[in-house]
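Place chain B on chain A using the hints.
There are 2 protein chains.
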Amino acid sequence: MEDKLKIIPLGGLEEVGRNMTIFEYGNKIIIVDMGIQFPDADMPGVDFIIPNISYLKGKEKNILGLLLTHGHYDHIGAIPYLIHKIGSPPIFATSLTKGIVVKRQEDFKNGIKLNIKEIKRSDRFKLGPFEIENFPQNHNIPDGVGLVIKTPVGNILHTGDFKFDHTPVGDEPVNLKKIEKIASQNILLLMSDSTNAEMPGHSISEKTIQQNLEKIFKESNGRIIAATFASLLSRIQELIFLAQKYNRKVLIDGWSMKNNVEIALKLGKLKVKNNTLISSRQIKKISPKNLLIICTGSQGEGDASLMKLAHKDHKYLSIQEGDSIILSSSIVPGNEKSVQELKDLLSKQGAKIYHSQMMDIHASGHAQHDELKLMMEITKPKFFMPIHGSFYMRVLHKEIAQEVGIPKENIIISENGQVIEISKDRTLNIAKKKIASNYVMVDGLGIGDVGEVVLRDRQMMAKDGMFVIIVLIDSETGRVKQSPDIISRGFVYLRESKKLLFNARQLVINLVEHITQKQTPVNLNYVKNEIKEKLGEFLFKKTSRRPMVLPVVLEV
Amino acid sequence: MEDKLKIIPLGGLEEVGRNMTIFEYGNKIIIVDMGIQFPDADMPGVDFIIPNISYLKGKEKNILGLLLTHGHYDHIGAIPYLIHKIGSPPIFATSLTKGIVVKRQEDFKNGIKLNIKEIKRSDRFKLGPFEIENFPQNHNIPDGVGLVIKTPVGNILHTGDFKFDHTPVGDEPVNLKKIEKIASQNILLLMSDSTNAEMPGHSISEKTIQQNLEKIFKESNGRIIAATFASLLSRIQELIFLAQKYNRKVLIDGWSMKNNVEIALKLGKLKVKNNTLISSRQIKKISPKNLLIICTGSQGEGDASLMKLAHKDHKYLSIQEGDSIILSSSIVPGNEKSVQELKDLLSKQGAKIYHSQMMDIHASGHAQHDELKLMMEITKPKFFMPIHGSFYMRVLHKEIAQEVGIPKENIIISENGQVIEISKDRTLNIAKKKIASNYVMVDGLGIGDVGEVVLRDRQMMAKDGMFVIIVLIDSETGRVKQSPDIISRGFVYLRESKKLLFNARQLVINLVEHITQKQTPVNLNYVKNEIKEKLGEFLFKKTSRRPMVLPVVLEV
Chain A
82 MEDKLKIIPL GGLEEVGRNM TIFEYGNKII IVDMGIQFPD ADMPGVDFII
132 PNISYLKGKE KNILGLLLTH GHYDHIGAIP YLIHKIGSPP IFATSLTKGI
182 VVKRQEDFKN GIKLNIKEIK RSDRFKLGPF EIENFPQNHN IPDGVGLVIK
232 TPVGNILHTG DFKFDHTPVG DEPVNLKKIE KIASQNILLL MSDSTNAEMP
282 GHSISEKTIQ QNLEKIFKES NGRIIAATFA SLLSRIQELI FLAQKYNRKV
332 LIDGWSMKNN VEIALKLGKL KVKNNTLISS RQIKKISPKN LLIICTGSQG
382 EGDASLMKLA HKDHKYLSIQ EGDSIILSSS IVPGNEKSVQ ELKDLLSKQG
432 AKIYHSQMMD IHASGHAQHD ELKLMMEITK PKFFMPIHGS FYMRVLHKEI
482 AQEVGIPKEN IIISENGQVI EISKDRTLNI AKKKIASNYV MVDGLGIGDV
532 GEVVLRDRQM MAKDGMFVII VLIDSETGRV KQSPDIISRG FVYLRESKKL
582 LFNARQLVIN LVEHITQKQT PVNLNYVKNE IKEKLGEFLF KKTSRRPMVL
632 PVVLEV
Chain B
82 MEDKLKIIPL GGLEEVGRNM TIFEYGNKII IVDMGIQFPD ADMPGVDFII
132 PNISYLKGKE KNILGLLLTH GHYDHIGAIP YLIHKIGSPP IFATSLTKGI
182 VVKRQEDFKN GIKLNIKEIK RSDRFKLGPF EIENFPQNHN IPDGVGLVIK
232 TPVGNILHTG DFKFDHTPVG DEPVNLKKIE KIASQNILLL MSDSTNAEMP
282 GHSISEKTIQ QNLEKIFKES NGRIIAATFA SLLSRIQELI FLAQKYNRKV
332 LIDGWSMKNN VEIALKLGKL KVKNNTLISS RQIKKISPKN LLIICTGSQG
382 EGDASLMKLA HKDHKYLSIQ EGDSIILSSS IVPGNEKSVQ ELKDLLSKQG
432 AKIYHSQMMD IHASGHAQHD ELKLMMEITK PKFFMPIHGS FYMRVLHKEI
482 AQEVGIPKEN IIISENGQVI EISKDRTLNI AKKKIASNYV MVDGLGIGDV
532 GEVVLRDRQM MAKDGMFVII VLIDSETGRV KQSPDIISRG FVYLRESKKL
582 LFNARQLVIN LVEHITQKQT PVNLNYVKNE IKEKLGEFLF KKTSRRPMVL
632 PVVLEV
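First to last, the sequence lines map onto chains A and B.
Sequential numbering of the first sequence, starting at 82, is according to the numbering used here.
Sequential numbering of the second sequence, starting at 82, is according to the numbering used here.
It is possible that part of the hints are untrue.
Since the list gives no way to pick out one identical chain from another, each pair is judged satisfied if it fits inside one copy or across any two copies.
Capping the alpha-carbon separation at 27 Å, the derived lysine-lysine pairs in BS3-like fashion look like this [unchecked claim]:
#	residue 1	residue 2
1	Lys463	Lys513
2	Lys296	Lys622
3	Lys609	Lys201
4	Lys231	Lys489
5	Lys580	Lys622
6	Lys579	Lys326
7	Lys599	Lys190
8	Lys296	Lys454
9	Lys87	Lys429
10	Lys339	Lys288
11	Lys613	Lys562
12	Lys515	Lys396
13	Lys140	Lys354
14	Lys609	Lys580
15	Lys366	Lys231
16	Lys579	Lys609
Since the hints were made in silico from the structure, they are not lab data.
Chain A with its partners taken away, still in its complex shape (with noise of 0.2 Å):
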């Protein structure tokens, strides 16, 4: 066992998102990344899920650090949640992601100090039997990293998210040379990025965006209000050297991007020069031609900025006649109706609206086909995993692995949970039996305790409501005492439904007096599970809905 390296995925195989990846020697243990995901639509109320650590209980101890790529939260989000489960280890984090992370956790009521060590882009140390070697990537924000983990058994190169940008906006161009060099220390692994493996070709510059965005700030002669990601500090730095060409004044508005345009401009990484950002109160001052307004709100998030504007629900702000709005972002799959809905309101307002399927004013922060084989050409490894994807993404990924001639039985498709042990005689093996790795789900101030019962009754209710009916049996006679109350909410309106409200009530009194004459003494969970079943049925018959029936049967 001692000399072999595992390597364990809690999170980001089989989605895009919840990004954490253990790595163990002898009993040293560092974690790369501790990203959130996003709830899918059947799972309502849920606010974020976070990977399963019930693999690191009683091994705190051995935990020697916490590796961070950048600072986006499907990679540091779920810090808060579980840092202080797992001993509170350092936490290793460039000038920004360090940033991030330290506003994030202060907004935690209770949350632990954090225990986390600034590095630069391109840094080395050691921790227990790792040595850690991370070099700049370019993403959709600042100061992300990839990582060469040299571990006794051989080198592993993690990319964090990246793209290959050789000209990027407000950050350093790719240093493919670099790469390369790190990459001839003899790579015994790649983790490469898949999101984009099903996207052909190679990502567009940030600088072509922005040669795009300028176009729109040329023949605009109103306000320009931009939405993006607030988090894509790449895109908002572009934005800004734009309002600046043409004398535009910048408002910031939406609380999660004025969070992070903050703690980036404290760290110097955002350049942006003295005088153009303006606050709320000295919009009004400004004309509309030397205005620009960059918002959260592209995917039509009922909270965020542009859409408390296209809901003339803003505090502030309201849609004139002559806006130009661009949408600089992608849409996240699920968000398509609420951007459709956006665009109608908005246009309905009189703006004109500049999105992405019309112009190339978002590029995605993710390497596609061709970069990702040029990753792979660079570092030459021996075994290659693809990350950070679905299952169908990371095949993909696969195949273009093939291409470049790594041999199929080289590539490790696995599962989250899996554990990946390879020797030092550099054999791989991929154990069948998973540990824990399943949904961990935060809801208000409950983590994990959501779980599928919670879930499957709230889609139940969500789909044809509920019906409670309460029955009280007086014990003397078996008879039902009082007319049974009903509490139905989302099955039917009630106001219209007297018939069938009277109804349901005979059928259960009648069944309720046809049992309990039989019955000394009665079974009240006989009787419950009666009136559940008949009077189930009978619901459905008449409205071809069935809610869950919850009889409460009580003797008085």
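Chain B in isolation, oriented as in the chain A frame:
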């Protein structure tokens, strides 16, 4: 009033779907289409949305006919719900459209017998003050038509759903000359399909799609499983042609697709050689390389054929290594996640997947920018009204109209329920007041009874669940009898929340007895409201969730 034409869209203007438009002259009415719309994610449990027909109440005798443009559900799907409520007027439909409408009607228990008249694709007939001339339109179902409605105030051209396809498969190529000739009669108003107004250029011809599909047939050595929309008969025809060319038998799988294929075969609208189609019992005898399965489920719908296959839940089919799966459809907005899941599940089982983001194996049935422009150039209308699309799509269509020189004031961007009046002197008036055109939701047997109240309750329970507490008050002493019963679902995992439930009961007992000590007689509504408020606060404080709190207070 007498010499004015009223046009009243009941649906299709703020959505893609629910198409239905009233044309009224004097008191005589004709209707074009009667479609459904599919519900959004925030309408759990709702099956369909249908048009509100209250405007037609009392006018049943004046309805001279319902004209159908083609057999898709967003144009015909509401007939079984509505036709008998408007006096069962005659329906005018081409052969295939009629076949689909009649079949659907048979599926409804107690559905009336339709009064349906078959028309040719190029036909002319009079209905009171209206004269109808219809003409063939290409779409992705055969037998579609556009209409010219000749009225005493002028001629209206309604495009239906259309694209200009010079090389369709299984349909006649567009006859621009014919449309030109019809349009030469002086078009007062063009009402044109806006579904794809966002798309630049020209739609892809079905011939091109077939050529790309053929590449897959050439390189596949195993089974081919092609999933598409059940109603996409043109695509099904293309696939059948290819199967015949490449010596494959064809199995149609999926209830609705089977129905459609059966109808189309019977009417000669699908060209299939003898012995091409096989039944499920025959597939075992056929080697994989000689089999094509055409099925439903390209959207990852849980109950459709391909998703059952993916979940290993299909009656007689399972995925095999070597299968080629073709997803020959677009992704309907809102289905992105389920399609991702579908691809993951299928590729896990070793299938190779071809989808329309990889190559052109799907074309929309709707005209794009250049076709829309051409339609206007051919028809040269005085007035123009974009239909079939959300507000934003119609505004883009309006911009196209302005490009070809139609003046802004002659373009009608109205809302559902707005009455558009055109006088004999060719002046236009759009009434500000709207007639009822709100969503009518179908859920099971209920039509229209699920409204805002029921939906809001469903959404609320989906998010945080519900919490019913039942308190029995001794009418003599005012004390709480027994421990209050709690019925909670979708809120917390009850087994692990014993302390929370205990504290909730204590809070309620104390609260109730505090009130009953002071009040005689007890105001039960006051007690209920107090419980609702205080218990709600308590639960929120402990969990950050807001379940629907429903107190039941009974005096015994």
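Hint-by-hint comparison with the structure:
Proximity of Lys463 to Lys513 under the C-alpha cut-off of 27 Å is restricted to the intra-copy arrangement: shortest distance 22 Å within a copy versus 71 Å between copies. Proximity of Lys296 and Lys622 under a CA criterion of 27 Å is satisfied in neither setting, with 61 Å inside one chain copy and 51 Å between copies. For the identical chains of this complex, Lys609 and Lys201 are neighbours neither inside a copy (66 Å) nor across copies (61 Å), given an alpha-carbon limit of 27 Å. Proximity of Lys231 and Lys489 under a CA criterion of 27 Å is satisfied intra-copy only: 24 Å inside one chain copy versus 67 Å between copies.
In this assembly of identical chains, Lys580 and Lys622 lie within 27 Å of each other by CA distance solely inside one copy; the values are 14 Å within and 40 Å between copies. Proximity of Lys579 to Lys326 under the C-alpha cut-off of 27 Å is found in neither arrangement, the shortest distances being 68 Å within a copy and 62 Å between copies. Proximity of Lys599 and Lys190 under a CA criterion of 27 Å is satisfied in neither setting, with 58 Å inside one chain copy and 40 Å between copies. In the homo-oligomer, the alpha carbons of Lys296 and Lys454 lie at most 27 Å apart only across protomers (25 Å), although the nearest pairing inside one protomer, at 33 Å, exceeds that limit.
For a Cα distance limit of 27 Å, the shortest separation of Lys87 from Lys429 across copies, 24 Å, qualifies, whereas the shortest one inside one copy, 57 Å, does not. Taking the shortest alpha-carbon separations for Lys339 and Lys288, only the intra-copy value of 24 Å comes in at or below 27 Å, while the best inter-copy value is 51 Å. Taking identical chains as interchangeable, the C-alpha atoms of Lys613 and Lys562 lie at most 27 Å apart whether they share a chain (19 Å) or sit on different chains (25 Å). For a Cα distance limit of 27 Å, the shortest separation of Lys515 from Lys396 qualifies neither inside one copy, at 50 Å, nor across copies, at 30 Å.
Taking CA atoms no more than 27 Å apart as the test, Lys140 paired with Lys354 passes in neither setting, with 49 Å inside one copy and 68 Å between copies. Taking CA atoms no more than 27 Å apart as the test, Lys609 paired with Lys580 passes in both settings, with 23 Å inside one copy and 25 Å between copies. Neither within a single protomer nor between protomers do Lys366 and Lys231 lie at most 27 Å apart by alpha-carbon distance, with minima of 57 Å and 56 Å respectively. When the C-alpha separation of Lys579 and Lys609 is checked against a cutoff of 27 Å, the pair qualifies both within a copy, at 23 Å, and between copies, at 22 Å.
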